[in-house]
Amino acid sequence: MSVTAPAAALNRTTEGGPGSLPAALEVQAVSVHLGGKTVLSDISFEVKPGEFLGILGPNGAGKTTLFRVLLQLIKPQQGQVRMNGGRTLGKAVIGYVPQSRQIDPELPMRARDFVCLGLPHPLRPWLNRADKEAVRRALELTDASHLADQSIGRLSGGERQRIFLAQALVRDPKILLLDEPTSNLDPGAQEAMAEVVHSICRTRGISVLLISHDVNLINRYADRILYLTPGQYAIGTVEEIMQASVLRKLYGSAVDVIRLDGKLFVTTSSQPDSKVCFH
Amino acid sequence: MLQYDFMQHAFEAGTIVAVMCGVIGVFVIARHLSFIAHTFSHIGFSGASFAVLVGWNPIGGLLLFSTLSAFAIGGFGVKIFRREVTISVVLSFFLGLGLLFISLSAKKATAMYALLFGSVVGISLQNVLDIVYLSAGVIAVLLFFYKPLKFDSFDPAGAQAARLPVRLLSIGFLVLLAIAVSEAILIVGALLVFTLMTAPAAAARHLTHSVGRMVLISVLFGVLGVWGGLALSYYTNAPVSFFITSLEAVFYFGALGWDWLRDRRKPQEERTTEGSAA
Ligand SMILES: Nc1ncnc2c1ncn2[C@@H]1O[C@H](COP(=O)(O)OP(=O)(O)O)[C@@H](O)[C@H]1O
Ligand SMILES: [Mg+2]
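Heads up: the protein sequence lines correspond to chains R and D, in order. FYI, my numbering numbers position 188 of the first sequence as 188, with every residue one higher than the one before it. FYI, my numbering numbers position 128 of the second sequence as 128, with every residue one higher than the one before it.
Calculated directly from the structure, the hints in this document are not laboratory data. In this text, all values refer to a predicted model and were calculated from it rather than measured experimentally. Cβ atoms here follow ideal geometry from the backbone N, Cα and C, with glycine treated the same way. Be careful, since some hints might not be right.
Stated by the list, open to error - Computed beta-carbon distance windows for the label pairs:
#: 1; chain 1: R; residue 1: Lys37; chain 2: D; residue 2: Pro165; range: 23 to 31 Å
#: 2; chain 1: D; residue 1: Gly122; chain 2: R; residue 2: Lys75; range: 52 to 60 Å
#: 3; chain 1: D; residue 1: Leu143; chain 2: R; residue 2: Gln102; range: 23 to 31 Å
Unchecked claim - Calculated Cβ distances over 10 Å to all of chain D for the following chain R residues:
#: 4; residue: Leu34
#: 5; residue: Gly79
#: 6; residue: Gln80
#: 7; residue: Val196
#: 8; residue: Asn219
#: 9; residue: Pro230
#: 10; residue: Asp261
#: 11; residue: Gly262
#: 12; residue: Val266
To be verified - Below, in silico cross-link-like pairs of lysine-lysine (BS3-like), each with a Cα-Cα straight-line distance of 25 Å or less:
#: 13; chain 1: D; residue 1: Lys147; chain 2: R; residue 2: Lys132
#: 14; chain 1: D; residue 1: Lys79; chain 2: R; residue 2: Lys75
#: 15; chain 1: R; residue 1: Lys174; chain 2: R; residue 2: Lys75
#: 16; chain 1: R; residue 1: Lys174; chain 2: D; residue 2: Lys147
#: 17; chain 1: R; residue 1: Lys75; chain 2: R; residue 2: Lys37
Construct the entire structure; sequences and hints are all you get.
Structure below.
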């Protein structure tokens with residue numbers, strides 16, 4: 001169910017986003033049931049080309065499931081997903097950086113080779129000139145050129161995330177899905193990651209959907225946010241969504257939003273409810 | 001020693017199997033399947049014992065049992081079979097079954113010994129040809145699917161994110177592994193399959209930062225182990241498998257030691273370069 005927030009308009013033209021173009025991504029009345037449980041119910045929204053959509057919500061709200069639907073790894077029981085104005089496109093159109101990724105510290109691979117894995121041709125093991133150029137550009141865009149020759153297992157968390165991002169970018173996607181790319185990073189690395197994603201979104205016109213638990217980080221970079229809670233959602237600008245009245249409807253319990261020094265904090269006035277995501 | 005037919009056959013079969021195991025071992029390690037390979041070897045043993053009982057060529061029984069189990073394991077999902085309890089139950093059940101088949105047949109002792117500990121010098125020309133064709137087939141398929149297999153083995157989450165057909169790759173790889181294990185059994189025996197399937201690749205991993213080079217080094221270690229084993233066994237009369245396992249162990253611990261030494265040297269180098277930069 002969509003929470004009707006004051007002025008939380010769906011097809012709102014965001015500044016910087018070219019409003020007249022067909023949507024890069026359209027989600028129409030999607031519902032997903034997994035293991036006898038409703039994970040997503042009747043979700044509709046669209047993302048413009050080059051738009052940065054931040055996705056917030058507590059654990060278990062269905063954020064990862066939504067990404068898996070967009071990737072067609074899960075078929076929704078109801079509704080449909082259309083990309084690029086309904087035209088069917090090749091698999092390369094979406095770049096996805098999944099939430100958890102185990103990397104063996106002894107993985108015998110340099111960062112550059114790890115990025116090469118993402119190249120779109122399925123079987124050819126050698127690289128032609130266009131491939132090398134694509135890999136070089138992806139590393140440059142993610143500010144990771146200096147890491148190219150290092151062993152992937154020895155990189156720090158933030159450096160690894162940028163290499164994962166480069167691997168998704170090397171396919172030249174139109175849409176990027178990033179599942180909590182900043183979750184295990186220190187504040188400086190979080191900021192650097194968001195900065196890199198933001199500049200890719202702006203310079204390459206790629207639509208970005210980024211899941212994070214940090215409302216202030218999202219506030220600085222995203223055009224709009226999609227706030228998911230189990231069974232509910234709202235979409236709009238940060239100002240529209242991060243209101244006590246909207247969040248109360250989303251969570252179905254008393255939630256307050258405090259603004260302090262231009263930063264947002266979410267609290268509950270009642271007893272601590274583990275389901276609320278404190279930002 | 002190469003003037004004898006049986007030694008020529010042993011070298012031919014041993015070499016191609018070592019090359020195949022060297023290549024596939026790299027993926028076995030990356031996919032954490034070494035104990036599943038070991039399980040295949042026990043299932044293959046019971047298949048071969050069955051073949052001995054009913055009078056088939058042992059290769060037929062090996063391939064039948066191990067590929068069937070590859071489809072079964074792939075169908076249920078590899079995760080269940082990576083659990084050590086599942087592995088130990090399946091493994092000992094099939095070892096026991098093999099024992100039963102052998103005890104029911106007439107040629108008990110020699111057949112059992114050959115299957116458990118290998119019999120590379122007893123290989124006939126027909127078997128050599130079977131082994132060469134099968135191994136060449138496995139190597140060709142591995143090389144053809146090298147890129148997606150590398151992606152899925154070394155970065156499974158990324159491969160799924162890039163929407164590779166990961167399930168198909170997983171089952172296909174298990175079938176190749178089943179064939180490879182069956183052949184390794186003919187060379188080193190069911191109990192020593194680890195030695196060709198994982199030791200060369202495990203050693204190679206410590207010596208390089210590139211998967212392609214890891215494959216080459218792994219093949220080199222596999223082939224050197226088999227050649228050395230055959231030669232040493234010819235001149236000493238001790239079992240081939242003993243020398244192959246010993247040489248592979250030497251390679252593995254040598255590589256481990258080399259890696260350790262290099263890691264200890266590196267911090268000093270970094271310190272000196274920092275010093276010169278400042
Ligand atoms: N394959 C599945 N089978 C059954 N339930 C699932 C499956 N995947 C996810 N779920 C359930 O769906 C809900 C949403 O999960 P998820 O999308 O991972 O949430 P989030 O990413 O927002 O933390 C959770 O309650 C989870 O238990
Ligand atoms: Mg999640």
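In ascending order, which of the hints set out earlier in this document are inconsistent with the structure?
none
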